[in-house]
Amino acid sequence: MNTNQETFFETNDDSSLNNNSFGIRAKVIGVGGAGISLVDGLRFDNFDFVDNLIIDVDIKAVADSLASQKLTFGRRHTRGMGTGGDVNLGKRLAEEEKDKIRKELEGVDLIFLLAGLGGGVGGGAAPVVARLAREHGALVFAFTPLPFSWEKTRHAQAEECLSELRKHANAVIPLPNDSLLQMGGEDSTALECFAEAGRNVSRGIAAICNIVYKKGMIDVDFSYLRKVFSGRGGRTLFGYGKGSGTEGLREALRDLLVCPMLHMPDVSKAADILLIFIQGGTSLSMSGLQSVSKEIRDSFKAGEDVVFGAHVDENLGEEVKITILGVTSLDPLVPTADVAPVAQQVLELGKNPKQSHRSKLEITNTSPEKTSSMATRKKRGRKSDNKEQNTFFFMEAENQRGIFDDLPSRNMYEGEDLDVPSYLRRGVKIVI
Amino acid sequence: MSKIIGAVEIGTSCAKALVGEVTEGKSLNIVGKSVRKNEGMRKGEIVDFRKVASSVHAALEEAEKMSGTTVDSVYLAQTGAHIKGSFLRGSANVASPDGRVSVDDLQTAANEAKRKQPASGRSYVHHVRMPIQLDGRSVEDPVGMIGKKVELIYWSIEGDESAIRMNLDLAHNYGLEVADLILSSIASSTMVAGPDLRRAGVLVIDLGAGVTDLALYRNGNVAYTGVIPVGGDHLTGDLSMGLRVLEPYAEELKLEYGKAQSDPSDADQQLWIIGNKTIGDRKVPRKTMTDIIHVRVVELFEIISKELGDLLDTSELGAGVLLTGGASRLPGIEQLASKVLGVPVTKANFPSGLGNELAQPENSTVLGLLHYGLEDHGLPGEQHKPTNSGFIKKLGGLIGI
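Protein chains in written order, with numbering that gives the first Met the number 0: chain S, 0 to 431; chain E, 0 to 400.
These aren't lab readings, by the way, just hints derived from the structure by calculation.
A portion of the hints provided could be inaccurate.
Result set (DSS-like, lysine-lysine): computed pairs, CA atoms no more than 27 angstroms apart in a straight line [to be verified]:
#1 E:K282 x S:K241
#2 E:K36 x S:K268
#3 E:K83 x S:K268
#4 S:K428 x E:K338
#5 E:K282 x S:K293
#6 S:K428 x E:K286
#7 S:K151 x E:K305
#8 E:K83 x S:K151
#9 E:K258 x S:K428
#10 S:K241 x E:K286
#11 S:K268 x E:K50
Source: prediction; values computed, not measured.
Whenever a hint applies, use it, and build me the whole structure from the sequences.
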């Protein structure tokens, strides 16, 4: 570690692992064909302690994978072949062999579920896996590719699976194939776009794992993460941005705000629960982090439930990366008795000089009374909570939820939702 | 002796009210006019009743004030994705022993045609009568002619009952009677396509903010009407998402720089999103903006083409396709529409004599309401309906146009 950063790393003596998260077990689980390829495509550095498990009915697909743990099921019915896209079959087979799946979930605290919801196993079995995992008390984050909207029946099927999965997982981040075409540069090939989807999943998982496992300038422990994400997740948002140079942090913020992943239909424009993870070189400044995190929280109308992590990575030089993951809560946020509200927690931790790296953010400004009253508000009533917005002009205003989002029904025509921009449905790349 | 009539169009972007003075039952002068922004609607349907009510009432009040008089009854436009049209037929044998057609025979045929009730939760908006058939021949007025059987055909438009009722309530809450509910597409095509164009065959596409209204005429008669729930707001929405800017900025960019087809001059052009270069302002390529609009417009006309199917026949559309409505202001839209539809497309003109301020594409529906309302659409021999007849009576029942 660089000596400049010393003040922020008092406890960062012998190990880079966060002691508070010692013994927390995380597992990446790929379900079905798309899930397996995502697991195989994951690239993390120094995350050997995260197990990879893949689950499928297709024996060959499982055999070809590089994952460390493998599970096949449904052999009696499919003789080791796929489900042919039959969601009900995928679901039934998973239910039949749920004990086998349960075994793999034992003792795991944090699960990253990767499944393509257009497939029979991904769409059918993933919600079952999520349910079983929740029954074991695990925190479940799901990253789910969705078929292109022109694949009409598959797309409709995937949306049903998505809402099924949302009943069980703590947060489901959809990765619509429509959005892939919007990623990368103007000339990127389809393959590069799909690789970008894989990178998105890696980014998301890495952000959460970093916050939980690694020691940095600002961390939270797993129990806090679990508390914040404990509800049932509704719509989510997921985005990232990067910047470099002296204004790296500001540039990363600007990049984040125009991230294509944040400008898709069905992406929440506001988050009841928000996770912010910032990584940067040694020049990352505390005041910069503070103002940027405030702007992010304001932009996404985040309430009190913010998980903030900031890490210094010397290899990044002048580069800064921001990753955010937000969830609208479907259950009213009732504070649980055994966990202190953020403010108190941070304040208490702040008293301990050994852990002062946690207390630098002005999250502490909130008084406990305010915390509890705001924590009980339901999901949509946040507009008035943000009187002192001081964010980017173009991201301000109240109508952030997409222009036709207030309509009760979708505008379906021959299986396509006409309210979704044509360029997304037609795969026309928009370069800004 | 002059008569005051009003017209109200509750559009997705604006509520519009007109007050007209009819002198000697013939010439129409527009003596009051008002347009108020409407924020309570999406795609032609009401999502916030109170917001809509306040803008409609403000528009009416202003139009009345301007005219210096009060309006008792109005013609009201109706549109929305829930609207569907179909042909209804009814016939009657000529009752009198001498074989002369009487007004009663026509009434019997009309009642039979309109006997079919819409499904529950639906109600009729508008019956557009085709020429009367006497023993298989089209006749203008068969009363007194000799024949065996009269047949009446209506292009009947029905819609969601609660949506229609809300629309009516907006007028009633202001203390107004609704003289007639008129389908928006029929109103605007009355305005921009005169009888000669309708005889030649014409398709009028009214590109509104929320929805696109279609009316197709063959041999002077309505052959099809339709509503497509895509309008100018979708362009704004697409731009807002694609350029990642807030809706009001997207709207301004659309109005200022929007066009249907990109051209080489766009290549290196960059547009400021807000324009005042404040913090947070950034530039977007003009080509990107045009591309976003282009795909949406192409898709819209593809849907129109699919909806019309065989009706989109160049040989039956002597007068081609006319575009009107606010979104028809988009430069280049007629060329693009022509390419997609494969039929000549032009922007519609207004009859001369209208002031410049009124003769704007977004006004064709509200102007058309007055014109359509003034025409006599009743059956021959039938009393022209007094304008203060309650409309609610007709809801779910028979509309004697």
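Each hint tested on the structure:
1. E:K282 x S:K241: Cα-Cα ~19 angstroms, so holds.
2. E:K36 x S:K268: 26 angstroms, holds
3. E:K83 x S:K268: 35 angstroms, violated
4. S:K428 x E:K338: Roughly 22 angstroms separates the two Cα atoms, so the pair holds.
5. E:K282 x S:K293: Status holds; Cα separation ~25 angstroms.
6. S:K428 x E:K286: Roughly 12 angstroms between the alpha carbons, so the hint for K428 of chain S and K286 of chain E holds.
7. S:K151 x E:K305: Roughly 18 angstroms separates the two Cα atoms, so the pair holds.
8. E:K83 x S:K151: 25 angstroms, holds
9. E:K258 x S:K428: 18 angstroms, holds
10. S:K241 x E:K286: Given pair K241 of chain S, K286 of chain E holds - Cα atoms ~25 angstroms apart, limit 27 angstroms.
11. S:K268 x E:K50: With a Cα-Cα distance of about 24 angstroms, the restraint between K268 of chain S and K50 of chain E holds, given a limit of 27 angstroms.
In this structure, the one hint that does not hold is number 3.
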